[in-house]
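J.: Chains X and H supply the protein sequences, listed in that same order. The opening residue of the first sequence carries number 485 in our numbering; numbering runs sequentially from there. The opening residue of the second sequence carries number 485 in our numbering; numbering runs sequentially from there.
Mixed in with the good hints there might be a few duds.
Note that the list lumps identical chains together, so a pair holds whenever it fits in one copy or between two copies.
Each computed DMTMM-like pair below joins lysine to aspartate or glutamate, with the alpha-carbon atoms no more than 20 Å apart [as the list claims (entries may be wrong)]:
1. K598 x D492
2. K598 x D568
3. K598 x D566
Keep in mind the hints are simulated off the structure, nothing from the lab. All values derive from a computational prediction rather than experimental measurement.
Protein chains: 2
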Amino acid sequence: MEPVPPLDADECRRRFTAARVATLATTNADGGADLVPVTYALVGDVILTAVDHKPKSTRRLRRLDNIARQPAVALLADHYTDYDWAALWWVRAHGTATVSDEVPGSLLDALVAKYAPYADAPPAGPFIVVPVDRWSGWAATAARS
Amino acid sequence: MEPVPPLDADECRRRFTAARVATLATTNADGGADLVPVTYALVGDVILTAVDHKPKSTRRLRRLDNIARQPAVALLADHYTDYDWAALWWVRAHGTATVSDEVPGSLLDALVAKYAPYADAPPAGPFIVVPVDRWSGWAATAARS
Chain X
485 MEPVPPLDAD ECRRRFTAAR VATLATTNAD GGADLVPVTY ALVGDVILTA
535 VDHKPKSTRR LRRLDNIARQ PAVALLADHY TDYDWAALWW VRAHGTATVS
585 DEVPGSLLDA LVAKYAPYAD APPAGPFIVV PVDRWSGWAA TAARS
Chain H
485 MEPVPPLDAD ECRRRFTAAR VATLATTNAD GGADLVPVTY ALVGDVILTA
535 VDHKPKSTRR LRRLDNIARQ PAVALLADHY TDYDWAALWW VRAHGTATVS
585 DEVPGSLLDA LVAKYAPYAD APPAGPFIVV PVDRWSGWAA TAARS
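One chain only, chain X, in its complex shape (with noise of 0.2 Å):
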């Protein structure tokens, strides 16, 4: 198998923007990693992600606590098929996030209006903001100009 280049921040940038879920890692007590899967929208180099509409008694997220404790994350995008691995790739963003109750409103309109059910039912927060400070990325195939 010939090595293909990693893929520029444009196209990370592009290949992120354009998929539907992404994974958040964060950093726990431990020293280990968390992982759970997030809707988002990218604006420039900001990620937005919101906590969902859960009851107020769990709305106390552990990603919260390990964003306050270690605000280094990142957050991974893929594409997987099972019949054809040479359309196999992935993008990855690595930023320092902050937890904020309040988004501007250019961020939280672009989440909402990716995702279908966030218009009847915008996320109210908390919400996680990450400008990213690197991209990296990789595809089986290398990406068509």
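We have chain X already, so just place chain H on it with the hints.
T.: For chain H alone, kept in the frame of chain X given last:
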């Protein structure tokens, strides 16, 4: 939205076995998480994943360096669909990884049997073996029994 009970360990194993791709999280030297999608097999409570056929020079992958430093890893498999958020679910496994150039035949057989491309080109390793010591999982709709 009504709270749903978390998935029990048996249901986690069942869904994780059936899933086709997972995200592997390892911890890098800075204490942050590195993420990569992996193919894998689950046999009993042991996960096997392999480094695919990469050129020799890149076979020393960051995930292996990370595990040598911090063997606590996590894997996440999830189901996402835009069309039915009631069908969403995820399963997460935590365990302590070891890296090995050889693994028991029963483990490797399970991995090769799961993915058609491995029939012609079984992974040569190195392998990452993760005995799971904690399952957790969530489904938007309670599992049908």
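J.: Find the hints from earlier in the document that the structure breaks and name them by number, from lowest to highest.
T.: 1
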